[in-house]
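Q: Sequence:
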Amino acid sequence: MRPIKYSIYMKIAEELSRASTCRVHVGCVVVGRDGVIHGLGYNGSLPGHPHCEDVGCDFDEHGHCKATLHAERNALRRAADKARNGIAFVTHFPCPDCAKELVDYGISAVIYKNDYRRSPISIRILERSGMQVVAFDDACDGDWRKLEEDIGWRTSPSGGEQP
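In this text, residue positions in the sequence shown follow full-length UniProt numbering: the first is 1, and each later residue adds one.
In short, the hints are calculated from the structure, not lab data.
Check before you lean on any hint, since a few could be wrong.
Stated by the list, open to error - Label-pair distances were calculated between CB atoms; the ranges are:
no., residue 1, residue 2, range
1, Ala80, Gly48, 18 to 24 Å
2, Glu61, Arg18, 26 to 32 Å
3, Glu127, His51, 32 to 38 Å
4, Glu15, His51, 15 to 21 Å
5, Asp58, Lys5, 35 to 41 Å
6, Ile121, Ala19, 26 to 32 Å
7, Arg78, Asp115, 22 to 28 Å
8, Val103, Val24, 21 to 27 Å
We put the beta carbon where it would ideally sit given N, CA and C, even for glycine.
My request is simple: use the sequences and hints to build the entire structure.
A: Shown next, in the form of structure tokens:
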């Protein structure tokens, strides 16, 4: 995968995040080994429920809104089986619940942009699964080739993926 694609996928995640009605706007793009986008998501209220921006958030004791579905979950549900061995491009570092979802769906790598609430629990969950976790800036600085090698993706000389 060429590095410009990484920037495009992250831009899409950022645009998706603008649709969020939550206090923190998060977007996620799930990309398959073939470079095709299989899942898109942003964080928002449950279907049929009022939006947090209209009625306020339902915070738990840790300050997390529990009335929302997270971007990663929405994108993974849409990608379904096509998420396996893919990459998730996320605007914010995954929370522990999303880290579990990413592992459960078989994501090979997460590329994130913001360190918002970078939880030690999330880090442990992702590390124990062997998932590659890369800050977006690092991916743009050339580590994308190493990332692709680490997750078993082979890139042809022309920049296209090889199965």
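Q: For each hint, tell me whether it holds in the structure or not.
A: Here's how the hints hold up against the structure:
Distance hint check: the CB atoms of Ala80 and Gly48 are about 22 Å apart, consistent with the given range 18 to 24 Å. A beta carbon spacing of about 29 Å between Glu61 and Arg18 agrees with the range 26 to 32 Å that was offered as a hint. The given range of 32 to 38 Å is respected by Glu127 and His51, whose C-beta atoms sit roughly 35 Å from each other. At about 19 Å, the CB distance of Glu15 to His51 agrees with the hint of 15 to 21 Å.
Distance hint check: the CB atoms of Asp58 and Lys5 are about 37 Å apart, consistent with the given range 35 to 41 Å. Distance hint check for Ile121 and Ala19: the Cβ-Cβ separation is about 28 Å, which falls inside the suggested range of 26 to 32 Å. Remark: the range hint 22 to 28 Å for Arg78 to Asp115 is upheld by a beta-carbon distance near 26 Å. The hinted window of 21 to 27 Å between Val103 and Val24 holds, with their beta carbons roughly 22 Å apart.
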